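Undergrad: Chain residues, written in single-letter form:
There are 2 protein chains.
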Amino acid sequence: MTDFQPTERTQLRRRPTRGHYDSETVFRILDEAFVCHVGFAVEGQPYVIPTTFGRVGRTLYIHGSAMSRMLRTLADGVQVCVTVTLVDGLVFARSAFHNSMNYRSVLMLGRALPVESSEEKLEALQAFTEHVMPGRWKEIRPPTDQELKGTSVLRLPLEEVSAKVRTGPPIDDEEDYAMRIWAGVLPLALTPGAPLTDDRVPAGIHPPAYVTEYSRVKV
Amino acid sequence: MTDFQPTERTQLRRRPTRGHYDSETVFRILDEAFVCHVGFAVEGQPYVIPTTFGRVGRTLYIHGSAMSRMLRTLADGVQVCVTVTLVDGLVFARSAFHNSMNYRSVLMLGRALPVESSEEKLEALQAFTEHVMPGRWKEIRPPTDQELKGTSVLRLPLEEVSAKVRTGPPIDDEEDYAMRIWAGVLPLALTPGAPLTDDRVPAGIHPPAYVTEYSRVKV
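Going down the list, the sequences are from chains A and B. For any residue, its number in this note's numbering is found by taking its place in the first sequence, counting from 1, and adding 57. For any residue, its number in this note's numbering is found by taking its place in the second sequence, counting from 1, and adding 57.
The set of hints was computed from the structure by calculation and includes no laboratory data. Predicted, not measured: the structure shown is a model, and the values here were computed from it. Incorrect hints may appear among the rest.
[As the list claims (entries may be wrong)] Derived coverage of chain A by chain B (criterion: at least 3 residues anywhere in the stretch with Cβ under 8 Å from a Cβ of chain B; other residues may be distant): (1) 71-82; (2) 87-97; (3) 100-114; (4) 197-206; (5) 230-242; (6) 246-254; (7) 259-272.
Ideal Cβ positions, reconstructed from N, Cα and C, are used throughout, including at glycine.
Chain A on its own, in the form it takes in the complex (with noise of 0.2 Å):
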């Protein structure tokens, strides 16, 4: 299935087989993920700045503090490359040339538009909340007008995306397979310690189960 349809601006010319456009794909690895890079250009020089971000259906929502001074000026929205990466692991071959890294990216291209009514701002920001800290706000206090007016949020529809996978072990040249070295992958994660809680927490407060069952994979 390849319901996002590559063009030319994101299909996958070196090594084509490690590119996906099927949403379930794509959706996966946003899910998973909380940090995405957002980048946009000012006369030319290219920024690119880390944000967390939220998903409803195919539009993806990211605080656009950040961008707000090019904002400002730019009525139209702004184009924007959003990238998403997920580190799964180091590949250690025999030769320093097939080194790689096990990872799952989405790209996403399209023009970011400020979000303007209060309705959608609470809903985009009831998506950030529950994406990064799934449980969370049906607990904590909701934003007030004043702190939703001075919210600002960019919206982007997921429509010019790919994703970008590689998975499994080293892929060597045959003849250094003959090497007595150790090969193989390191799995990485981000995995979540122990939670520290807040010093002004009244006693007998503890942490609630989404807290210390914190997981980004969905079982």
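Got chain A; can you put chain B on it based on the hints?
TA: Here is chain B on its own, set in the frame of chain A:
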């Protein structure tokens, strides 16, 4: 110490206390990370590509293959923004507005130039390998002349650089501290799992210490 002079483009305006401009902070982040996001623009459209990197002094080396089409057309180099981000934890505040993330990031602006000489290319590949896989270079087969020719490497001088760091507990509105909910930080770190030995490694060869004791944090 601010040995990277802040510029109009790298000076943090929002939350200026999170900004750092000293090489010690910058290099510590760069040396712990190994994935960067490279941003460049083609006819106004930005692209953001994840790749590994190496550092030699005040020079960043990145794989150039992702940008090879562009490089062929630009003899005088390409304006890039290279961003490196380490995620340290999720900050659970008492209100949606104050949820945050603990992170350390470095933003590097400049002109990336193709490395032409075989000597510098070899030095860069060694820097990549030892940056991502410290201890590996001396054991593996070094690149052949043909592999060196087929490898595209870019050099970015580290001149216009800033770091951004958020640490510590949530900062809530004073009146929200009375809420009877948990708040605090969930630490996150990229953590190695058990090494997966490639099927074709000869019997009796075990993963070396630089794999089994892999750690990004220098002690």
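Undergrad: List in ascending order the numbers of the hints, as given earlier, that are violated by the structure.
TA: 1
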